[in-house]
Amino acid sequence: MSAFTRFGIVRAGGLLAGVLLAAACATNKVAITVASDIPVPVTSRLPLKAGVHYPEAVSRHVYEEDSEDRPKWHIESGASQIAMFSQVLGSMFSELRVMDAMPPQGSAAGLDLILEPKIDEMQFSTPAELKTEFFEAWIRYELGVYKPDGSQLTTWRFEGYGKSSTAFMKNTNEGMNEAINMALRDAGAKMVVKFAEVPEIKSLAEGR
Amino acid sequence: MRIAVAALICSTAGCKSTTVVDVYRESASVAPQADEAIVVLGRRHAVSHNTEEDFVDCVGRSLRQGSLNVIPEKQFVDSMYPYFETSTAPTDVKNLDKLVQIPAIAAKLNEYRVRYFIWVDGATETVDKAGSITCAIGPGGGGCFGFAYWEDEANYEASVWDFKNLALSGKISAETQGTSFMPAVVIPIPLLARVQSNACKSMATQIQDFLK
Numbered sequence: 000m001s002a003f004t005r006f007g008i009v010r011a012g013g014l015l016a017g018v019l020l021a022a023a024c025a026t027n028k029v030a031i032t033v034a035s036d037i038p039v040p041v042t043s044r045l046p047l048k049a050g051v052h053y054p055e056a057v058s059r060h061v062y063e064e065d066s067e068d069r070p071k072w073h074i075e076s077g078a079s080q081i082a083m084f085s086q087v088l089g090s091m092f093s094e095l096r097v098m099d100a101m102p103p104q105g106s107a108a109g110l111d112l113i114l115e116p117k118i119d120e121m122q123f124s125t126p127a128e129l130k131t132e133f134f135e136a137w138i139r140y141e142l143g144v145y146k147p148d149g150s151q152l153t154t155w156r157f158e159g160y161g162k163s164s165t166a167f168m169k170n171t172n173e174g175m176n177e178a179i180n181m182a183l184r185d186a187g188a189k190m191v192v193k194f195a196e197v198p199e200i201k202s203l204a205e206g207r
Numbered sequence: 000m001r002i003a004v005a006a007l008i009c010s011t012a013g014c015k016s017t018t019v020v021d022v023y024r025e026s027a028s029v030a031p032q033a034d035e036a037i038v039v040l041g042r043r044h045a046v047s048h049n050t051e052e053d054f055v056d057c058v059g060r061s062l063r064q065g066s067l068n069v070i071p072e073k074q075f076v077d078s079m080y081p082y083f084e085t086s087t088a089p090t091d092v093k094n095l096d097k098l099v100q101i102p103a104i105a106a107k108l109n110e111y112r113v114r115y116f117i118w119v120d121g122a123t124e125t126v127d128k129a130g131s132i133t134c135a136i137g138p139g140g141g142g143c144f145g146f147a148y149w150e151d152e153a154n155y156e157a158s159v160w161d162f163k164n165l166a167l168s169g170k171i172s173a174e175t176q177g178t179s180f181m182p183a184v185v186i187p188i189p190l191l192a193r194v195q196s197n198a199c200k201s202m203a204t205q206i207q208d209f210l211k
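In order, the protein sequence lines correspond to chains W and F. Counting along the first sequence from 1, when you hit position 59 you're at 58 in numbering that gives the first Met the number 0, and nothing is skipped either side. Counting along the second sequence from 1, when you hit position 164 you're at 163 in numbering that gives the first Met the number 0, and nothing is skipped either side.
So here's chain F without its partners, still in its complex pose (with noise of 0.2 Å):
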C-alpha cells in the first residue's frame, strides 16, 4: 500500500528530471587519436559551491565507457602537484603555455598525452523543500508518518581546451531540475528524482558529441 501510494506520487507529481543542455563551439575540435588522452577536472575556486568530485568522476566514467581515454582526476592533480590545485591551476587555455615552460610538467603532459582539458564547474544544489517527518519510538516499536519533497537543480558548464592547439574549442552546459518524495508511513521511502546523474550522463554525452 506504501509503496503503491508513492508510486502514484512519483508518477503524477514527478519524480522525474528535466535537463537543458546548450553547446557552444569556439573552433573545430579534432577526435582525440588513440594514444591521446583527455582529462576531466572540476573547478572549486567559487565560494558559493564546489564542483563535486563525484560529478566530475561520474562525467570521466561515462566518457571512457565511449571509448576515450580519460586520466582520472585525482591522479592527474596528484601527478601534477601544485600546479592544478584549486589556487594555482591555470583559468585560462593561455596560461597553459606558461605551464609547459616547467620541464618536470611538460614532460608530465608529455607522458600522459593530453590532447583535451575539459574543465568542469558548477554544483547541485536543493532549491526547495517542505513537508515534515515525525518520527517516535517507545517500547513496543517506532515509526515516522509524514511526506517531505525537495526540488534540486544541478547547474554545470564544461569548457573543452584544445592543448595542441592552446585553445578554447567551446564550451557545453547542462541544466537539470528534479523534485525528490519522501513519504513516511511508519517506514520513509525515498523516491528520488536523479537531477544529478541526469546532469552527468547529458554533459558526456554532448562533450563526446561535441569531440567527434
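Bound conformation, chain W alone (with noise of 0.2 Å):
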C-alpha cells in the first residue's frame, strides 16, 4: 500500500474514528518521557575548553500542569535535555568536561569556561487549543557562562520551537513527543550557529 493511499485512508478513517469515538474516548491527558532525536553536529570546534555543569532543575526536568484544558499533563524532558547539551555542546569545544557541581571558586583548572543552562519556560499547544493541525512546544533557555574564577562572563538566552502535524492519526502523546523534539533540536541548532557569536564567547576564542 503506498503512503498516500495509507494517508487518504487514515484522513476516512479520522473522520470515522471522530464519528464514533468522540465521546467515549476524548482525553487531553498528557503522560510522557521525552524521546529526543539529536543529530552529530557538523561544526568546527571553538578553540576553548568548557565545563558544563546540570542543575537538577534541567537534569530531572519535569513539566506538569492540572487545570480543566490540560488534566494531568506529566512531561519527563530531563534526560533528552541533557542528551541534547551533550551532543552539542560535546561538538563545539576543544574539550567538554562535564562536572558534578559548580567547581569552588579558582578550581576549574585547566578550563577556559564553564557553563550552566537553566530552562527558563516551556510552552505548549494543541491543535484542539489553537483550531490548528500543529501540536507546538517552544522552550526558553538561559546559558549562564563563567569564568573559572567562578565570576559571571554573560547570561545567554536562546529559544527552541518545534511543531509537528496531526496527520497519520497521532495521539497527544506523540504529537507532543515530536514537537519538543523539534525544539531540542531548534534548540542545539541556535547554539551551534549563534554562541560563537556572542561577543565574550568570540572574544574569548579570539584570544586564544
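Treat the hints with care, as some may be off.
[To be verified] When the alpha-carbon atoms are kept at most 27 Å apart in a straight line, the in silico DSS-like pairs for lysine-lysine are as follows:
(1) F:Lys107 x W:Lys193
(2) F:Lys211 x F:Lys93
(3) F:Lys200 x F:Lys211
(4) W:Lys130 x F:Lys128
(5) W:Lys169 x F:Lys128
(6) W:Lys193 x F:Lys128
(7) F:Lys170 x F:Lys15
(8) F:Lys15 x F:Lys163
(9) W:Lys117 x W:Lys48
(10) W:Lys130 x W:Lys28
(11) F:Lys170 x F:Lys200
(12) W:Lys146 x W:Lys71
(13) F:Lys211 x W:Lys201
(14) W:Lys201 x W:Lys71
(15) F:Lys93 x W:Lys193
(16) F:Lys170 x W:Lys201
(17) W:Lys48 x W:Lys201
(18) W:Lys169 x F:Lys200
(19) F:Lys107 x F:Lys15
(20) F:Lys93 x F:Lys15
(21) W:Lys48 x W:Lys193
(22) F:Lys93 x W:Lys201
(23) F:Lys15 x F:Lys97
(24) W:Lys169 x F:Lys73
(25) W:Lys169 x W:Lys28
(26) F:Lys73 x W:Lys193
(27) F:Lys200 x F:Lys73
(28) F:Lys73 x F:Lys97
(29) F:Lys211 x F:Lys73
(30) W:Lys169 x W:Lys201
[Stated by the list, open to error] Facing chain W, according to a computed beta carbon distance under 8 Å, are these residues of chain F, among others:
(31) Ala45
(32) Asn49
(33) Asp77
(34) Tyr80
(35) Glu84
(36) Thr85
(37) Ser86
(38) Leu98
(39) Ile101
(40) Ile104
FYI, nobody ran anything at the bench for these hints, they're computed from the structure. Remember, predicted model here, so these are calculated numbers, not experimental data. Don't be surprised by glycine CBs; every beta carbon is placed ideally from N, CA and C.
Got two chains here, each in a separate frame; can you build the complex from them with the hints?
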C-alpha cells in the first residue's frame, strides 16, 4: 500500500473515528518521557576548553500542569535535555568536561569557561487549543557562562521551537513528543550557529 | 449493492482530482551528470502549514525511479545538522555561498556531489466538508449510516537551485483539487480522490522534464 493510499485511508479513518469515539475516548491527558533524536553537529570546534554543570532542574526536568483544559499533563524531558546539550556542546569545544557541581572559586584549572544551562520557560499548544493542525512546543533557555574563577562572564538566552502535524492519527502524546523533539533540535541548532557570535565568547576564542 | 452505489457516486460526481502545473524557468538548467546528486527538501517555516515529509519523500522517490540520484531528505538534513533545520536553512540560493565557507559543510556537500537543491513548499488541506455519519453499537451488533464528503486541495511550489552556479534555475508549481466520498450503509466505504498523490506525481514529472 502506498504512503498516499494509507494517508487517504487514515484521513477517512480519522473522520470515522471522530464519529465513533468523540465522546467516549476524548482525552487531553499528556504523559510522556520525551524521546529525542539529535544528530551529531557538523561544525568547527571553538578553541576553548569548557566545563558544563547540569543543575537538577534541567537533568530531572518535569513539566506538570493539571487544569481543566490540560488535565494531568506530565512531561519528563530531563534525560532528553541532557542528551541534547551533551551532543551539541560536545561538538562545539576542543574539550568538554561534565561537572557534578559548580566548582569552588578558582578550582576549575585548565578550563576557559564553565557553562550552566537553565530552562527558563516551556510552553505548549495542541491542535484543539489553537484550532490548528499542529502540536507546538517552545522552550526558552538561559545559558550561564562563567570564568574559571567563578565570576559570571555572561548569560546567553536562546529558544527552541518545534511543531508536528496531526496527520496519521497521531495521539496527543506522540504529537507532543515530536514537537518537543523538534524544539530540542532547534535549540541545539541555535547553540551551534549563534553561541560563537556572542561577543564575550567571540573575544575569548579570538584570544586563544 | 453498497459498493455499486458508492462506485456510481464516484463515477458520476467525481472522486477524481484535477491538477494544474505551472513551470517558470529562470535560467537554462543542465541535466545532472551520473555522479551528481539532487536533494529534495521541504520548507517548514510557515505558521499556517508544514510541507509534509510524505510529500517530499514521494517526490524524491518518483525522481529516483526516473533514474536521478536523489538523497533522502532526513539523511541529508541529519548529516548537515544544524545548517538545514527549519530556523537555519538557507532561504535564498545566494546564502549557499556562505554555507560552503564552513569547511565541514563544504566537505559534506562535496562528498554528496550535490548539483541541485529542490525546495518544496506547500501543503494539502481539506477546504470543505459536509454530510454526517451516525454509528451505533448494540447487543446484536453495530453499524454506521450516512454520507460524508470532503474536498482536498494541494498547493505546492518547488524552487530549483543550481548549486554549481549558485543560481535559481526555476520554479514549478502544482495545484490539485479533488473530492472524496464516504457513504456508510452498515460499513463506511471511503472513496478517495488521490489529491496529494497526484500533485506529487505531476510535480515529479515536471521536475524531471525541467532537468533534462
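Open item on the list: So, against the hints stated earlier in the document, which numbers end up violated here?
Closed with: 6, 8, 12, 13, 14, 16, 19, 20, 23, 30, 31 and 38
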